[in-house]
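Using the working numbering, read the sequence shown as starting at 1 and increasing by one per residue.
Calculated directly from the structure, the hints in this document are not laboratory data.
Treat the hints with caution; some may be incorrect.
[What the hints assert, rightly or not] Cβ-Cβ distance ranges computed for the label pairs, FRET-style:
hint: 1; residue 1: 65; residue 2: 168; range: 52 to 60 angstroms
hint: 2; residue 1: 125; residue 2: 20; range: 24 to 32 angstroms
hint: 3; residue 1: 35; residue 2: 148; range: 12 to 20 angstroms
Keep in mind it's a predicted model, so treat the numbers as computed, not measured.
C-beta: ideal position from N, C-alpha, C; glycine also.
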Amino acid sequence: MRSWSIERWARVGASAALALFMVLGIVMTRRPLEVALPAAVLAVAVGALLAWRGPQDWRLLAGLAVPVVATAVLGHDQSANLVWMTSCVLAAWTALVTGPRLAGAAWGGLVAVLVTQLALDRGESGWFAWIVGTTFTSVACTFARRLRVTNERLTAAQAELAERSRAEERHRIAGEVHDVIGHALTVSLLHIEGARLAVDDDDPADARERLAEAERLTRHSLEEVRATVGLMRADGDTAPLPDARDLPALVESFRRAGARVELHVSGDLAAAGQARGLAVYRILQEALTNATRHAPGEPVQARVEVIGSEVTLEVLSSGAAAAPALEGSGLRGMRERADSLGGLLTAGPVAQGWCVDARIPR
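With the hints as constraints, model all of the structure from the sequences given.
This is the structure:
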């Protein structure tokens, strides 16, 4: 809209200036009125038509040839006639509303007319001023249009980048919420199932303990969801997200739900940092959730190594989980987390069951 508005004002302003200088040309010309008046009226009419229709191609140059001829008729052998200002007006018009090729062609035609006048009237130095003025106007307006087009492209690129950034942020938040809720529902379901079995076995104490653990896990997961969604708020007043130091507590939550999970840690988990620590935490969380969901009761071995600048995570499930069941948003989310930090994650069947292997560099 802004580009169209500028071009419209360029056309309207140029046609108005063309009419003004044609009137001045009639006043200052040496031609008889019966010749000067029709030429000026025709030039103004064509200029108004072009301004109203607004062509931006070779039709514009063809139409502007009429004002150029009218200018030559009114100002012939008279460099002091202000009608020659139309050469600057037409140069500005074409440079502002067309591309460099058409602007260059218009400049060439206008300068050719002025050079012809100079050749016919060598004793008059004013023609040099009109040639320089027309050239300067054409170059200045061409660069002005290029600057405007570049600015519009940058604005469009910034808008596209902003939209892409918002989409990526929504995707990241969706991944966080998916991991948190998936873990909470899976482990809570194990606790609820255990509580139901305890009630059937007439063991209310065990049932209460399992329901209390399910409630605690649900509350904790709700806090994580709030913290994750709170990342989108400007105030940043949210609870901290988990990192590698919370891996033992994560594994313990699965153990309390009845899952057979073993965790082996090598190195300092705190050295993983916040970004890598959160990625490792979410990958292990999703891997254990998948293993518990698709191969319940089967043992799971998890190994985490923090060596130098690399964090390595391996989760081996002894269950024969079907690969298609795992080829969903969970596995895709784990891979995206590793990729976002320059790491690599592989998942697939092995001789012992199913293995998830992630390597995340610093």
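So, going through the hints one by one against the coordinates:
Here the CB-CB span from residue 65 to residue 168 is close to 53 angstroms, well matched to the stated 52 to 60 angstroms. The hinted window of 24 to 32 angstroms between residue 125 and residue 20 holds, with their beta carbons roughly 25 angstroms apart. Remark: the range hint 12 to 20 angstroms for residue 35 to residue 148 is contradicted by a beta-carbon distance near 40 angstroms.
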